[in-house]
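*Asks:* Residues per chain, in single letters:
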Amino acid sequence: MYRTLRNTHLFLGLFCCLYLLMYGVSSIQMAHSQWFSARPAVTIIHAALPPQTTDARRVARSLMDRYGMRGEVAQVRAASAQLSFNIVRPGTVYQIDYSPGSGDTRIRENHAGFIGMLNRIHHAKGFWHDYWVLNAWGAFVAVVSAALIVIAATGIYLWFKLHQERVIGAILLAVSLGYSLTLMILARTAW
Amino acid sequence: MPWMTRWLKKLHMYAGLLNLSILLVFGIAGLNATFEDPGEAPPPPTTAVYDFQVPANVSDYEAALAAFRFLKPALSEPPPQGAIHRDSANNVAFSLYSVNGQRTVTLLEKENRVRVEARPNELGEFFDGLHATTMNFAHTDLRIRMWAWYVEFSIWSLIFMAVTGVYLWLASRPGYRWAQVSFAAGSGLFLLLYAITR
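Protein sequences appear in the order of chains X and S. Mapping to our numbering: the first sequence position 87 is 1134, numbers consecutive. Mapping to our numbering: the second sequence position 12 is 714, numbers consecutive.
Hints were generated in silico from the structure; no laboratory data involved. From the three backbone atoms N, C-alpha and C, an ideal C-beta is built for every residue, glycine too. It cannot be assumed that every hint is accurate.
[Stated by the list, open to error] DMTMM-like cross-link-like pairs, simulated, lysine to aspartate or glutamate; straight-line CA separation at most 25 Å:
id, chain 1, residue 1, chain 2, residue 2
1, S, Lys-774, S, Asp-843
2, S, Lys-774, S, Glu-819
3, S, Lys-712, X, Glu-1212
4, S, Lys-711, X, Glu-1212
5, S, Lys-774, S, Asp-762
6, S, Lys-812, S, Glu-764
[As the list claims (entries may be wrong)] Heads up, incomplete: computed chain X residues facing chain S, CB under 8 Å, no partners named:
id, residue
7, Phe-1058
8, Ser-1080
9, Ala-1189
10, Ala-1199
11, Met-1231
[To be verified] Cβ-to-Cβ under 7 Å is the rule here; a few derived chain S residues that face chain X:
id, residue
12, Leu-722
13, Gly-729
14, Ala-735
15, Thr-736
16, Met-837
17, Met-848
18, Gly-888
19, Phe-892
One chain only, chain X, in its complex shape (with noise of 0.2 Å):
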């Protein structure tokens, strides 16, 4: 039972080592964000797609089609004059204005730089996209989530285990129980 469970902390501890230090420093980027610099690298382009569409799902295959660009749509904005959608993905946003009379397309792309980057997949979930590297991601947090669960239960056992920090370690225990409980319990109950 022991070495399983240790086993079991060990491997899961290890194989979300970089998600857990992804989720870390991105959080410190979200709580002391005028510690960094996140503002994402602009790039302004125009292309000349075929005019009369209607559609920005349209619009969007096109520039993938012929500019190699991945994401989802979002955002979509219809209007007679103009057509304005993002395809988003992870760090990457590309803000779409496009005029169906003329074919005009106005493409602003935002990049955003490592740390801008990590804050994105901080925020991607679930398993709904259109783009399978958002499910992915998805994926993961599902898994990382499930497994924080987890080496957080094999670690009380683990230090069960070890009597002679039975003391020390009830007594952290506690107060962070105490706490944290305590805080958790005002809260909900504040309505």
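With chain X fixed as given, assemble chain S onto it according to the hints.
*Replies:* Positioned in the frame of chain X, the structure of chain S alone reads:
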């Protein structure tokens, strides 16, 4: 350096014990985010109306702040100026957010009343809100401020535990084949996906 390994093992374990509940919160928040349905319509809000008179000769922002002070909504911060708007009926309105959910406040000035539409969070959303409560905002509520301190501590602890975990493996059983496979598989998939996403 056996003394360093011994101390890092202790600190790794102590950090884990001090962060037990928040690691569970992170895990639950991640699972909740994974399985939430973005297309699902939110439940209808509960509505309450109170007598409230907007003070004379104030701006929309000051009127909103007066309503906020009157309502004293728990855990919420006063609305920033940019969050104040006029709705389709030309009433001053603003939304308030907390880990427990969202309130939309509308000042019904003609009736000398204020309407509050509340959408409480379910438990999973509550944990999601807790996990995102960082020190990026100056929380005025002591409970939320103390929770943000705990989140701050946990962020640094998470990084510390991830790094020391790898160190403890390398210091104790670096040749363990399944550990190597786990590390290589997890890191390889992460880097591959990062490169594809980039």
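*Asks:* Which of the numbered hints are not met once you compare them with the structure shown?
*Replies:* When the structure is compared with the hints, none of them turns out to be violated.
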